[in-house]
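Chemist: Residue numbers (the working numbering), protein chains in the order written: chain A, 1 to 294; chain B, 1001 to 1254; chain C, 2001 to 2326.
Keep in mind that the hints are not guaranteed to be accurate.
[What the hints assert, rightly or not] DSBU-like, lysine-lysine: derived pairs with alpha carbons at most 35 Å apart:
#	chain 1	residue 1	chain 2	residue 2
1	B	Lys1164	A	Lys95
2	C	Lys2321	A	Lys129
3	A	Lys95	C	Lys2321
4	B	Lys1139	B	Lys1109
[Said to hold, decoys possible] Pair by pair, the computed Cβ-Cβ distance ranges are:
#	chain 1	residue 1	chain 2	residue 2	range
5	A	Tyr167	B	Asp1023	44 to 50 Å
6	A	Arg96	C	Val2286	55 to 61 Å
7	A	Leu188	B	Asp1061	44 to 50 Å
8	A	Gly189	B	Ala1122	17 to 23 Å
9	C	Lys2162	A	Ala84	47 to 53 Å
10	C	Val2286	A	Thr56	30 to 36 Å
11	B	Ser1071	C	Glu2089	48 to 54 Å
12	A	Arg170	B	Arg1065	53 to 59 Å
13	C	Lys2162	B	Tyr1073	52 to 58 Å
14	A	Met1	C	Val2286	51 to 57 Å
15	C	Thr2298	A	Glu2	49 to 55 Å
Since the hints were derived computationally from the structure, they do not count as laboratory data.
This one's a predicted model, so the numbers in the text were calculated from it and none came from an experiment.
C-beta atoms are modelled at their ideal positions from N, C-alpha and C, and glycine is treated no differently.
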Amino acid sequence: MEFLLIHVLNALLYSSVLFLIAGGLSLIYGVMRILNLAHGSLYAIGAYVTAWAIGTAAAAGAPNAVLFLLLPAGAVAAAAVGAALEPTLLRPFYKRPEEYQLLVTFGLLMIIEDCLHLIWGPNPLSAGKVYQLAGSVNIGTSRYPAYNLAVIAVGILSALLLWAFIYRTRFGVVLRATSQNMRMASALGVNVNRIYIQAFTIGCLMAGLGGAIVVPGQSAVLGMGVEALVLAFVVVVIGGLGSLEGAFAGALIVGFVREAGVALFPEVELAVLYLIAAVVLLVRPAGLFGRGER
Amino acid sequence: MSLLSTQAVAKSFGDNRAVNNVDFTVRQGEVLALIGSNGAGKTTLVNLISGLYRPDSGRIDFDGRDVTSQSSYERIQAGIARSFQLVNLFDQLTCLDNVALSIFSREGKTLKLATLASRDRAVWDEALEVLRQFGLDGKAAVPAGGISHGERKLLDVAVAYALKPKLLFLDEPTSGVSTREKAPIMDIVSAIVRSGGITVVIIEHDMDIVFRYSERIVVMHQGAILADGAPDEIRRNDQVTTTLLGTHVTGEAA
Amino acid sequence: MAAPMQRPLLKILAWAVPLGLALLAVPHVVGPFHTLTLMYGLVFGIAVLGFNLLLGYTGLLSFGHSAYFGAGAYAVAFMVKYFKLASMELFLAGSVLVSAVISIVFGFVCVRYTRIFFGILTLALSQVLWSLAFKFFWVTGGTDGLRIPTPWLLGMDPGTDKMEFLAFRYYYYVLAVFVLCAIVMWVIVHSPFGKALQAIRDNETRAEFVGIRIRRYRLIAFVISGVFAGLAGALWAPLNGLATPDVLVWTFSGEIVFMAVLGGFHNFIGPIVGAVAFTYLKTYAVGFTVYWQLLLGTVLVVLVLALPRGIMGMVEYLIAKLRRPR
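Excised from the complex, chain A in its bound form (with noise of 0.2 Å):
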């Protein structure tokens, strides 16, 4: 019963960065249809800025509370690449055909990934102490991580969050409008471009939000973006592209196959994923809750 247990908060833990990271993608290109192929690369920027600051602030003696409040710093950091990537290298893309999006982002990723390595090295920047004071919790006879617990948590409350801001705010409702149909949203008074760069942004955040807490269970490594954009996209196709919901259901999905998959048949875990993607798209091509556009 508590390995059930410890299996079902395993599948939570994934679900929730895989939530933040798919979740940002989605709000990206449901509001810009924009499909940022450098998406990743943002997630990887989350990972190493919370692991080299908490890092460097571990090794300067800094007090334990400290710690546990860098965390955002990668969040930040990949949120500001975002707001500065977006009118400089996204926005001369919207007017032309949507193949060169894919093309550009690809260009940055390549970028992004050589620009980690420069910062940073080749060898994995671990911000682990975070995760050790943490501590564990009792599940049964069992101990289990409580930063695991932490990182479950994050993810539900950004997932409230999000939905709050985007179906209770005054801002959420310009953003589904301008998402539904731009040039209308525009005619209105709307400042698109506003729109676009702040849509940009969180969707930024998101993703390194996601790296940065994940980062105290597993370094940051060269090459982690690229591994996790495939992933969003699992999620992505599998819950509808453009929709919160469906990162969100998605991303259970995808955490809870994977995590059956790792205990039961760790070989095939990954190809699963790829052809549930596939079944889903086979069945219900928009995805489970998506706008059904091709």
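Following the hints, put chains B and C in place on chain A, whose structure we already have.
Modeler: Quick look at chains B and C alone, frame taken from chain A:
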């Protein structure tokens, strides 16, 4: 001899009954105008007949066969073709290519990948002849995206015509074209379809064109057929003139 | 208008003959390093030619072409390891078969979509293969990969001098296959089918209303495209000597796209030029700095911003300008 008939055909989009139990017939060889105010359901009806949409209910018979469940591909094979209100052409290909594609398709040659397209002289000769009939042979080597709007409207018709259809739908063939260009375009189209004996249904808003070029007029309003008859009858029909044309008719005699 | 092919053919021959002679002379004029680099370029050229049938001619951007290339490479590796084969002709046949099957299956799912969704799907599906190659390491050799020894060409023993074999005999073999593939693709692109693909690219609705069954044609293009990539993968395998999951990873698909964009995907030769240029670019970048991704990434971004029609686009522009001196 009716070439096409719809029986109680209906299509709704959400709450909007775009086409409401329409019985519409087209007789072989006639030139028919389909008119009505915006939102009357004309384009939806044409979309239903050409296969772009499936009807919610009702039946469509074409050339003696029930085509209600057939795909647009099958209906094209059966002999229905159309031009579009918002021109649909292969913009990066030349005008000649555009027409040639219809011919290649008509002859079932588009799956040939081991022969050079340029080798099939018959197709290219016919394509050039069609362009000549439409007055576009001077633009044969120009990409379709690079000719004037009026020429694009003509090319759109030419592409559909090259399929040698039995029934041709022309969706607002002169929309967006300047007034003085409209008659020349319609003269060309009209001469070609009459000489070819093709049955034509024209959706039009310009009443001058409608009265001058059609033999029969079908008036739609709010998804249903309001009136159906020769131009003179329609002109005298008070219901039609008040809903569509205001109280004063200015159409010339054909 | 529909002029007979003589004139353009003469123009083509005017530069094709000198180029052909130059290519034939390469192994005797430059050292093995350059010969091998050019070979990689030609091999990728075949893959990008296939890729561009989808992009330039049908309007579909595939971000998963590594799947078919890798399938071709692994097909060769499996034929070596499990069937103890060594004939290059059998390798080519096997890889064509395998990549055809995979592209039919993947293509069937993917051609129901267009644009970005199509791109995502192709990427996700190629990752299925990558994950299989990665995880089933007892079959595929995992990240260590599977060795591919020098093959027998047309029944002839490759001998013991690997470098001599690769830089000479294998070079001519690859060159011959490349020329054949280029001719085949050229015919396809200029056939009625090729015209139909371009029609689908330009206006899906009109193509449908002219009687072209869009999905079917896209699928056929997809499969041809996949087979070209698979063939290229098979040629690549002995050259690289090793088949690893890196050949299936999605970023390699991205490189294929890069090559097409670099050369210019709006015409026929662009992809070939792009493949060769990219191969040289990457080889020198990797040799020059460990941060070669940064270099290439920047090139791509600048390319897409400033020179979207690629090298051949620029060449065409310059030629047009020279013809009209104003």
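Chemist: Please flag the earlier hints that this structure goes against, numbers listed from lowest up.
Modeler: 1, 2, 6, 8, 11
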